[in-house]
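Chemist: Sequence:
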Amino acid sequence: RTFDYLDFPKLSHDSALNIPDPQSYGVFLQNDEFGLKSIQNEAKVQSLTKSDFKNMKVIGQFNIGFIITVLDRNLYIIDQHAADEKYNYEKLYQNISISSQKLMAPQLLELDFVDREIFLESHESLEEAGFRFSISENKICIISVPSISGQTTLGKEDIVDLICQIRTIEYNQYAVSINSISKSQMDRINQKNISLNSDKTHAMIASKACRSSIMIGTVLNYDTMETIVHRLSDLKHPWSCPHGRPTIRHLARL
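So in the UniProt record's numbering, the last spot in the sequence shown is 254, and the numbers never skip.
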């Protein structure tokens, strides 16, 4: 039978097939998933490193959506849209600039005494992430929120969630260093992995990357296919697209 992108099961974001070593992952495929006959004595797991993409030889395009490659007598299939999308996603993410977008009307933060103290300890780091506040003796208001390309990414609910996380951990007697936020990691509060919700940021960049990527159904010439495959070696996480679909599968041992 033929197959298309629906045959590629989704993975969680950047899970990279749940193999612990980020430099080397097993690419799993039971041959009957694609209606192919099993090859006797074929290894069920083929190990790949990111650098292997540059050494792959492109055989051609299949079903106007997949690139067939070979490496060391192993046949692989690469999802052209997922591979190009992940490349575009990582490039966009590297070049994002966080700015502050002023709200039309300030938003009041209603905090009890304990949460107010937590906020006062953390608000400078939150400002590094793009928030701006008006702080007086009686009230705290949000006057600006982070934005990417003019689109709001984080808001009041994210601050409240952050404060709840810190309060919970302090209640459990963990030491929290609120000064560990950086501009490049605004979704990390400290080494305990207290996170500021970054799902909105991820979704926005993933959507932009998807729209600008080569689609399933696009006929590709050899040079374009080779470029899509080889530049996967340069990515931090080349194993799945931002929406969780694997970029590559092992087909057979030749």
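In short, the hints are calculated from the structure, not lab data. None of these values were measured; they are calculated from a predicted model. Glycine included, every Cβ here is placed at the ideal spot set by N, Cα and C. There may be inaccurate statements among the hints.
To be verified - Computed list of lysine-lysine pairs in DSBU-like fashion (alpha-carbon distance at most 30 Å, straight line):
1. Lys102 with Lys236
2. Lys102 with Lys91
3. Lys236 with Lys57
4. Lys57 with Lys91
5. Lys208 with Lys91
6. Lys50 with Lys236
7. Lys91 with Lys50
What the hints assert, rightly or not - Computed beta-carbon distance windows for the label pairs:
8. Gly155 with Lys57: 44 to 50 Å
9. Arg211 with Glu117: 18 to 24 Å
10. Thr227 with Ser100: 33 to 39 Å
11. Glu137 with Ser233: 54 to 60 Å
12. Cys141 with Thr49: 47 to 53 Å
13. Thr168 with Lys91: 34 to 40 Å
14. Glu128 with Arg211: 43 to 49 Å
15. Ile143 with Ile96: 38 to 44 Å
16. Pro106 with Gly244: 33 to 39 Å
17. Arg167 with Val219: 51 to 57 Å
18. Ile216 with Asn95: 22 to 28 Å
19. Glu121 with Cys141: 14 to 20 Å
20. Ser47 with Ser134: 53 to 59 Å
Chemist: Starting from the hint 51 to 57 Å, judge whether the C-beta atoms of Arg167 and Val219 obey it.
Modeler: Holds, at about 56 Å.
Chemist: Between Thr168 and Lys91, does the beta-carbon spacing fit 34 to 40 Å?
Modeler: holds, 36 Å
Chemist: Honestly, do Glu121 and Cys141 meet the 14 to 20 Å range at C-beta?
Modeler: holds, 18 Å
Chemist: Could you see if the CB distance from Arg211 to Glu117 stays within 18 to 24 Å?
Modeler: violated, 44 Å
Chemist: Could you check the hint for me, namely that Pro106 and Gly244 are 33 to 39 Å apart, CB to CB?
Modeler: This hint holds: roughly 38 Å between Cβ atoms.
Chemist: Within 53 to 59 Å: is that where the Cβ-Cβ distance between Ser47 and Ser134 falls?
Modeler: Because 55 Å falls inside the window, the suggested range holds.
Chemist: Checking one constraint from the list: CA of Lys57 to CA of Lys91, max 30 Å. Satisfied?
Modeler: holds, 24 Å
Chemist: Taking 33 to 39 Å as the stated bounds, is the beta-carbon spacing between Thr227 and Ser100 within them?
Modeler: At roughly 37 Å between Cβ atoms, Ser100 and Thr227 fall inside 33 to 39 Å, so the hint holds.
Chemist: Do the alpha carbons of Lys91 and Lys50 lie within 30 Å of each other, as the hint requires?
Modeler: Given pair Lys91, Lys50 holds - Cα atoms ~17 Å apart, limit 30 Å.
Chemist: Are the Cα atoms of Lys102 and Lys91 separated by 30 Å or less?
Modeler: Answer holds: Lys102 to Lys91 is near 27 Å, not above 30 Å.
Chemist: Please verify whether Lys208 and Lys91 have alpha carbons no more than 30 Å apart.
Modeler: holds, 11 Å
Chemist: Does Lys236 sit within 30 Å of Lys50, going by the straight-line distance between their CA atoms?
Modeler: Distance ~9 Å between Lys50 and Lys236 Cα, so the pair holds.
Checked against the numbered hints above, the structure breaks hints 1, 9, 14, 15 and satisfies the rest.
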